[in-house]
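J.: Line by line, the protein sequences give chains A and B.
Counting in the working numbering, the first sequence tops out at residue 283, every number present.
Counting in the working numbering, the second sequence tops out at residue 315, every number present.
No lab work stands behind these hints, which were simulated from the structure alone.
Values in this document were obtained by computation on a predicted structure and should not be read as measured data.
Idealized CB from N, CA, C, for every residue including glycine.
Hints may contain errors.
Calculated cross-link-like contacts (lysine-lysine; reagent style DSSO-like; alpha-carbon spacing at most 27 Å) [stated by the list, open to error]:
1. B:Lys87 <-> A:Lys113
2. A:Lys37 <-> B:Lys149
3. B:Lys301 <-> A:Lys113
4. A:Lys152 <-> B:Lys46
5. B:Lys46 <-> A:Lys113
6. B:Lys312 <-> A:Lys152
7. A:Lys152 <-> B:Lys149
8. B:Lys149 <-> A:Lys148
Residues from chain A shown here face chain B by an in silico Cβ test under 10 Å; the list is partial [unchecked claim]:
9. Gly38
10. Ala172
11. Arg276
12. Gln280
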Amino acid sequence: MNTQVVSLKEHIPHRAHASKKDFGHIVIEDVEIVFGKGATSSQAVKKTSLEIKPGEFVCILGPSGCGKSTLLNSIAGYVTPSSGSVRVDEKAVSEPGPDRGMVFQQYSLFPWKTILDNIAFGPKVAGRTNVECSSIANTFLEMVGLSKFAHKYPAELSGGMQQRVGIARALANYPSVLLMDEPFGALDAQTRLMMQENLLSLWSEFGITVVFVTHDVDEAIFLADRVLIMSASPGSIIDDLHIPLPRPRDPAMATGSEFMALKKVCLEQIRAESLRAFEQQNM
Amino acid sequence: MSKLGRVANAIDDKTVDPEPVEKATGVEKEAVYTHVSGLSGEDVAKALGALLSQAADELRRNATTIFLSLVSLTLGLLVWHLATSYKVDFYINFQNVPSPAKVFSAFWTHLGDTEFYIHIGVSMQRILTGYITAAVIGIAAGVFMGRSKLVRSLIYPYIEVLRPIPAVAWIPLAILMWPTEEASIIYITLLGALFPIVLNTLHGVEQTPEVLVRAAKSLGASQLQIFWHVILPSALPSIAAGLAIGMGVSWFSLLAGEIISGQYGIGYFTWDAYSLINYPDIVVGMLVIGGLGTLSTYAVKLAMKPLLAWQKRAR
Ligand SMILES: Nc1ncnc2c1ncn2[C@@H]1O[C@H](COP(=O)(O)OP(=O)(O)O)[C@@H](O)[C@H]1O
Ligand SMILES: [Mg+2]
Chain A
1 MNTQVVSLKE HIPHRAHASK KDFGHIVIED VEIVFGKGAT SSQAVKKTSL EIKPGEFVCI
61 LGPSGCGKST LLNSIAGYVT PSSGSVRVDE KAVSEPGPDR GMVFQQYSLF PWKTILDNIA
121 FGPKVAGRTN VECSSIANTF LEMVGLSKFA HKYPAELSGG MQQRVGIARA LANYPSVLLM
181 DEPFGALDAQ TRLMMQENLL SLWSEFGITV VFVTHDVDEA IFLADRVLIM SASPGSIIDD
241 LHIPLPRPRD PAMATGSEFM ALKKVCLEQI RAESLRAFEQ QNM
Chain B
1 MSKLGRVANA IDDKTVDPEP VEKATGVEKE AVYTHVSGLS GEDVAKALGA LLSQAADELR
61 RNATTIFLSL VSLTLGLLVW HLATSYKVDF YINFQNVPSP AKVFSAFWTH LGDTEFYIHI
121 GVSMQRILTG YITAAVIGIA AGVFMGRSKL VRSLIYPYIE VLRPIPAVAW IPLAILMWPT
181 EEASIIYITL LGALFPIVLN TLHGVEQTPE VLVRAAKSLG ASQLQIFWHV ILPSALPSIA
241 AGLAIGMGVS WFSLLAGEII SGQYGIGYFT WDAYSLINYP DIVVGMLVIG GLGTLSTYAV
301 KLAMKPLLAW QKRAR
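Only chain B is shown next, with the shape it has when bound in the complex:
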């Protein structure tokens, strides 16, 4: 349970004690109402105390894990540092690999450099355009396929044929097909995100328990209301998973596109550093790509969280 959940429970304890299973009703109603007398300062203090001891608890419980992770990471950095400063060349060649210090100082310099932000901005824009388009098309296609045999038999063959082709393999054809390089890169990004989103949506829609659809029908819901109140929420956990996976694949595809064509973007930045023999920037680019990928996947999960709150309560 989350910290907030515990705190909420500390407050709950005071207001509603959930009825032990199946008591005769009506009798204990009185008892409950006398309990609900507003929150006193004491309750708030109790809740805060619970939160603090919770945090401390968690830190203590995870202290060893955190400590070991830090030690391991520090060791890794040290190995990297030593390998580069002694220019180790033992099958893997460290002679041209920049040291951690050089990478850090290159990163530090770029922080004050407008062009660096333009690269990042351009990549983000491509991701947003491609990914959002993929999400809209993917969810719509998945839902229609899940609810209509006709639509499914029309669209599914394309998925079967196209899915095994990695988005990266599309690059040459995309450049030939689309009017601008920008459009072709966005197309690649879109394509990467599309399949995980379509397939997960389809799966989620198909998993909708038929009894819920029946219940909604007998309660008078129209097709549209059934879609909105039953099918979509029921498929949502699966859609959310598809969206998170799609975000990762869409970064992957974007970078491939940017490395091969384009004049801006963090992928281009990384590849350009190689061409210009500016080796520390290669690693800066790599780390930024990793960071942005993680952040955007996290953002997707965060955005879906309120919509999936009901799942938490189920346990």
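Pulled out of the complex, with its shape left as it was, chain A reads as follows:
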């Protein structure tokens, strides 16, 4: 995998001389998110404050329905907080934008565009020339190891390949933040492991900030510098767990004692929250 990523720096001119510390600083201040108005309104995210440093890999972990996607969407700009503010690199978030790349759980490639054109979409709508677009797209396609499929359509690729294209497409805009909402949730265990390693090597090459939503404890610990554990709905961050495992991470670590200890901490909190969520739903 690493062999494909070596030449990356040459292709990212505006990052080549920028230190990793410059981009992708996320500040969430007193954010509260309520859906609906009046009597039918429901609180999805309780008042939350949070800072994510440039280049950090942060996982948001919590039971399903707790508000992980909602919180992530407020960083992406799809959801406007009812109160509080979200800032990325000192700029208040008001709408989605190419500085924050997004990878979804559902396959979200454009089915009518070839793989290459999917990846070239960002540069294209930014007004780059066709030559630039295809050169950028080819670079990123090679990075995710799918050059052979440049002229195929998304439906001709497996789920894992489609997600790799989705990541390449988001990165092709040179975003400062990569937001991922359970991107590997639909993949089989084997593929998922490979995708996780793949993602980590892209991340270390890019020095990009990643906010990764998952409900899988192993996935969160394996990937993250920090795991933010969310409470059951309405969601709030109940723990901010530092993951001191050395990098590069190796799947073999998952059986080590340090990993196990971290997993135990996470599982206990998650179990308590899942139980609460379950009781809430059955009331």
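We have chain A; now place chain B with the ligands onto it with these hints.
T.: Coordinates of chain B with the ligands only, in the frame set by chain A:
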């Protein structure tokens, strides 16, 4: 899969063997490049051979079907011939129905007759004007309704009220409203095509997966770019269906209009033959109408095909 698809695959076999799902990447890259060494004569021969055996296969597989269709059609013609030559009058009256031979000879004569082509030309022109206008208005209205609640609540009531009224029922009012008969006929043609196109476009636009719109937004696309790159292509299969249905309805409406008013057009030709007691021409007119309708619907489908090519690949 189409014949061409098979042929393309025969060539593909030689160049790119699609990666079995999820292998470690990079390793097999070398292997692939050594394969791509240009096409040899052998490949082309292989492809041609595949095409020919494909065609033969298909013919053989469908031989029975084709044979039975031909037999059935011949029988039908024979019944028609017998019914007319014995002047059968058993509730349905064949006394004034022209025989197949008379219809054929009338058709043959008309082929050398300029006036016949003028009738066809006039009808085609009306279809083109009415249909294209309907397509432009219909697609635009459908798209705006699909993306804006305001536009939708303004336009949709009209659709609800007007759609149940067949275009044909508009004829008297249309003649009163429009300055020329020509304009009123085109209006009827337009109206017939409009509703299937609007409704199918609306449906297609509404079916656009929201996640694709979101993806486009986060990639920096503007509203216009989202429309052009996401909403329109996503709605295209449904729009294409609406256009094909609209073409059929627009012929239907045109003929009604031409029969009731106008001095040219294939509908007028058919009705005029009845008035002039020129019975073989009635059937000639009918057959021409059927043929033109089929051809124009086919033309619409053919025109949409390249735009929908990506759907084929999805299976
Ligand atoms: N657009 C919306 N309108 C109303 N309620 C919503 C909306 N999006 C999410 N919710 C509600 O907010 C809560 C959190 O949802 P979500 O963030 O998707 O959870 P998660 O991603 O953790 O599974 C859920 O109860 C969900 O029903
Ligand atoms: Mg979610």
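J.: A closest beta-carbon separation below 10 Å is what the hint needs, so does A:Arg276 meet it against chain B?
T.: violated (29 Å)
J.: Taking 27 Å as the top limit, are the C-alpha atoms of A:Lys152 and B:Lys149 close enough?
T.: violated (36 Å)
J.: Going straight from one Cα to the other, do B:Lys312 and A:Lys152 come out at no more than 27 Å?
T.: Given pair B:Lys312, A:Lys152 holds - Cα atoms ~12 Å apart, limit 27 Å.
J.: Let me know if the C-beta of A:Gln280 comes in closer than 10 Å to any C-beta of chain B, holds or violated.
T.: violated (27 Å)
J.: Check whether the Cα positions of B:Lys46 and A:Lys113 lie no farther apart than 27 Å.
T.: violated (31 Å)
J.: Does B:Lys149 sit within 27 Å of A:Lys37, going by the straight-line distance between their CA atoms?
T.: holds (19 Å)
J.: Against the 27 Å threshold, does the CA-CA distance of A:Lys152 and B:Lys46 hold or violate the hint?
T.: With a Cα-Cα distance of about 24 Å, the restraint between A:Lys152 and B:Lys46 holds, given a limit of 27 Å.
J.: Can you verify the interface hint for A:Ala172: is its Cβ closer than 10 Å to any Cβ in chain B?
T.: holds (8 Å)
J.: Starting from B:Lys301, check that the Cα of A:Lys113 is at most 27 Å away, please.
T.: holds (21 Å)
J.: Checking one constraint from the list: CA of B:Lys149 to CA of A:Lys148, max 27 Å. Satisfied?
T.: violated (43 Å)
J.: Are the Cα positions of B:Lys87 and A:Lys113 separated by 27 Å at most?
T.: violated (62 Å)
J.: Hold the hint about A:Gly38 up to the distance rule: shortest CB distance to chain B must be less than 10 Å.
T.: Violated. Min distance 20 Å.
Of the numbered hints stated above, those contradicted by the structure are hints 1, 5, 7, 8, 9, 11 and 12, listed in ascending order.
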